[in-house]
Structure formats: C-alpha cells, structure tokens
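Peer 1: So the chains spell out like this:
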Amino acid sequence: MVKTTLDMNDDLWRRFSLLVLREKGERKKNEVLTKLIKDYVERSGLTDDPQQLRYILQVEEEREAFRKVRDKLMQDPKYRGKYVAFFQGDLVGCDDDKGRLAKSIYKKYGYVPIYIDQVAEGERQVEVPSPELTRL
Amino acid sequence: MKYSAEYTPPAPSLKVRFSSPTSTHSIELETKLDTGADITVLPQHAINQLRLIPAGRVSVSSFNGRQEWRYTFFVNLSFHSFKFPMLEAIGANRRDALLGRDILNLLKTVLDGKTLNFELLDP
Chain A
4 MVKTTLDMND DLWRRFSLLV LREKGERKKN EVLTKLIKDY VERSGLTDDP QQLRYILQVE
64 EEREAFRKVR DKLMQDPKYR GKYVAFFQGD LVGCDDDKGR LAKSIYKKYG YVPIYIDQVA
124 EGERQVEVPS PELTRL
Chain B
34 MKYSAEYTPP APSLKVRFSS PTSTHSIELE TKLDTGADIT VLPQHAINQL RLIPAGRVSV
94 SSFNGRQEWR YTFFVNLSFH SFKFPMLEAI GANRRDALLG RDILNLLKTV LDGKTLNFEL
154 LDP
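Chains A and B supply the protein sequences, listed in that same order. Here the first sequence is numbered in this note's numbering, starting from 4 and rising by one per residue. Here the second sequence is numbered in this note's numbering, starting from 34 and rising by one per residue.
Read the hints as simulated data drawn from the structure, not as lab findings. Beta carbons are placed, not taken as given, at the ideal position from N, Cα and C, and that holds for glycine. Treat the hints with care, since some could be wrong.
As the list claims (entries may be wrong) - Okay, the calculated bits of chain B under chain A, using three or more residues with CB under 8 Å as the criterion: (1) 75-81; (2) 89-95.
To be verified - Simulated crosslink set (DSS-like; lysine-lysine; CA at most 30 Å straight-line): (3) B:K116 - B:K48; (4) A:K110 - B:K147; (5) A:K75 - A:K85; (6) A:K106 - A:K81; (7) A:K38 - A:K6; (8) B:K147 - B:K35; (9) B:K116 - A:K106; (10) A:K106 - B:K35; (11) A:K75 - A:K38; (12) B:K116 - A:K111; (13) B:K141 - B:K116; (14) A:K41 - A:K31; (15) A:K111 - A:K71; (16) B:K116 - A:K85; (17) B:K35 - B:K116; (18) B:K141 - A:K85; (19) A:K110 - B:K48; (20) A:K111 - A:K81; (21) A:K71 - A:K38; (22) A:K106 - B:K48; (23) A:K81 - A:K110; (24) A:K111 - A:K85; (25) A:K6 - A:K32; (26) A:K85 - A:K110.
Unchecked claim - Ranges of calculated distance between the beta carbons of each label pair, as one might list FRET restraints: (27) B:D145 - A:R83: 42 to 48 Å; (28) A:F19 - B:P43: 43 to 49 Å; (29) A:D100 - B:P156: 21 to 27 Å; (30) B:P43 - A:D42: 29 to 35 Å; (31) B:A38 - A:P132: 21 to 27 Å.
Generate the whole structure from the sequences, applying the supplied hints.
Peer 2: Next comes the structure, spelled out in structure tokens:
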C-alpha cells in the first residue's frame, strides 16, 4: 500500500467530501478515490502486466532523454526529419526508416527497451477513428 | 476471401500471423481491414503473449476526437504470401487486430460488399 498526499483546492475538497458523505457515508473518501483512480487507469488501457510496466518505465526514461535533446537535433540536418533511437540515455542510431532502425538496434543490443521517434516538432499523432458497434 | 459474419455488419477480416521481432514465437489473430486506421492495432493480450517490448509512443485520435497516448511495438506480420517485417503497431484493449493503411497502402484491396467478398493483391 502507498500513502500519498494531494494538493487541491479547498472548495473542491469540501464539495467532494460532502458528496461522499451524502452518498457513501462517513470515512469513505479513501474508498471513492481508490475507485476513481482504478477506473482512470483501467480506462487508459495501460497494461497490468508487471514486466510490461517495467518496460514502459524504461521506455519513458529513454523518451525523456530524447525530449531533452530534440530541439538540438532539430537544428542538425543530419537528424531533422529522421528517426532516432535512444538506449540507456544515449542516441544510438538514426535512419530514414523506423523499421530498419529498430532492426539494426535490436541486432546490436538485443531485444531491449529502446525509444524510437522522429526528429520533428510536436508529438507523433495517428488516427484510428472507426466506431464499432458492440452488443453488451 | 469472404467477409466475416462475426462482425455486424459483416466486415473484411482474415487470419494474420504476428511474431516478435527477435523470436520465432508467433500467434494468429483475426484481423479486420480498417482503411480508417493510420496504423495497425494489436490486442493487448497479443502484446503480452508475444512479450513485445514498447519502442515508442504516439497520440491516437478516435472517432469522437478523443486523444490518448498509446505505446508502439515493432512486430513481424504475415498472411497468405505476404510478409511485413518490423512493422510499428499500437496496442489496444480489443479481442481482434486491425490492419491499418500502413499495410493496406502497400497492397491492392478490392472490397465487394454486394457479395461480401474481398481480395488483397500485390499486382
């Protein structure tokens, strides 16, 4: 179990407390907050596989290393517009083709968490817009 | 190939084999053709089964404009005589996979909704 503190607006906290008291009774704020956090995490689709979570944390560290130097790479014609790979905080590869880059990095370092992104402004965006009908 | 009646209305769908970039371990998944999808989508259970390692992150927009972050994974995929190594795909909580335009734009796709048949060709 983790214990944590939250900073939030006094009025918001009072209104939240009142709602919980009215709907759930005394001393239920912790329960409601836990459920809200659980719903938020599950809705995000983030895996609960411990190994995947470790990989994701490592990839986030590599991503942070990329973000720190992205502006500098943007100024360099050698990197601008290309895909770069980060491993253990270092830039370890660059290529026009992300699949080819991934293949060469995995061949060199093994199948390990690396971060590959394009040296471009903003974040990469994709659309998966097709709505689907489901029968509940 | 026939449209799958597992979807309502029926949809062009086929079995696609996915494997990890560095392993021969593979799984076959029902995969729906999705010309609206910019990128191929893998179900989270397949990512776990293949022990895929994330290699990137993208912002994904859904049909209602909602945006969310998804991790990307490199994966090899094959169906019929077609092989696509080191394709970048995203994960999602769904039972099937989606074949996006990252693959479909490399092929000729013929959809015949009248007869519920489709073809994937590389002429």
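Peer 1: Are the hints correct? Go through all of them and say.
Peer 2: Checked hints:
Check result for the region 75-81 of chain B against chain A: holds, 3 residues qualifying (beta carbon to beta carbon below 8 Å, three or more required). Interface restraint, the region 89-95 of chain B with chain A: holds (7 residues with C-beta to C-beta distance below 8 Å; minimum three). For a cut-off of 30 Å, the pair hint linking B:K116 to B:K48 stands: about 13 Å separates their Cα positions. Using a Cα cut-off of 30 Å, the hinted pair A:K110 and B:K147 is violated, with the two alpha carbons roughly 47 Å apart.
Distance check on the hinted pair: A:K75 and A:K85 sit about 13 Å apart at the alpha-carbon level, within 30 Å; holds. For the proposed pair A:K106 and A:K81, the alpha carbon gap of about 20 Å is at most 30 Å, so the pair holds. Between the alpha carbons of A:K38 and A:K6 the distance comes to roughly 15 Å, so the proposed pair stays at or under 30 Å and holds. A C-alpha spacing of about 11 Å is found between B:K147 and B:K35, which places the hinted pair at or below 30 Å, so the restraint holds.
Using a Cα cut-off of 30 Å, the hinted pair B:K116 and A:K106 holds, with the two alpha carbons roughly 15 Å apart. For the given pair, A:K106 sits about 35 Å from B:K35 by alpha-carbon distance, which is inconsistent with the 30 Å threshold. Distance check on the hinted pair: A:K75 and A:K38 sit about 43 Å apart at the alpha-carbon level, beyond 30 Å; violated. Restraint check for B:K116 and A:K111: the C-alpha separation of about 23 Å stays at or below 30 Å, so the hint holds.
With a C-alpha separation of about 15 Å, the suggested pair B:K141 and B:K116 falls inside the 30 Å cut-off, and the hint holds. Between A:K41 and A:K31 the alpha-carbon distance is near 15 Å, which keeps this suggested pair within the 30 Å criterion. The suggested pairing of A:K111 with A:K71 holds, with an alpha-carbon distance near 24 Å, which does not exceed 30 Å. For the given pair, B:K116 sits about 25 Å from A:K85 by alpha-carbon distance, which is consistent with the 30 Å threshold.
Proposed proximity of B:K35 and B:K116 is supported: the alpha carbons are some 21 Å apart, at most 30 Å. Under the criterion of a C-alpha separation no larger than 30 Å, the hint pairing B:K141 with A:K85 is consistent with the structure, at around 28 Å. Proposed proximity of A:K110 and B:K48 is supported: the alpha carbons are some 29 Å apart, at most 30 Å. As the CA atoms of A:K111 and A:K81 are separated by approximately 21 Å, the hinted pair is consistent with the 30 Å bound.
Between A:K71 and A:K38 the CA atoms are separated by roughly 35 Å; this puts the pair beyond 30 Å, and the hint is violated. Restraint check for A:K106 and B:K48: the C-alpha separation of about 25 Å stays at or below 30 Å, so the hint holds. Note on A:K81 and A:K110: the hinted pairing holds, with a Cα-Cα distance of about 23 Å set against a maximum of 30 Å. Taking the CA atoms of A:K111 and A:K85, the gap is near 20 Å; set against the 30 Å cutoff, the hint holds.
Straight-line distance between C-alpha atoms of A:K6 and A:K32 comes to about 14 Å, which keeps the hinted pair within the 30 Å bound. For the proposed pair A:K85 and A:K110, the alpha carbon gap of about 20 Å is at most 30 Å, so the pair holds. B:D145 and A:R83 have their C-beta atoms about 44 Å apart, which keeps the hinted 42 to 48 Å range intact. Here the CB-CB span from A:F19 to B:P43 is close to 47 Å, well matched to the stated 43 to 49 Å.
At about 24 Å, the CB distance of A:D100 to B:P156 agrees with the hint of 21 to 27 Å. Restraint check, B:P43 to A:D42: a C-beta distance of roughly 34 Å satisfies the suggested window 29 to 35 Å. Separation of B:A38 from A:P132 is about 24 Å and conforms to the stated range, judged on CB atoms against 21 to 27 Å.
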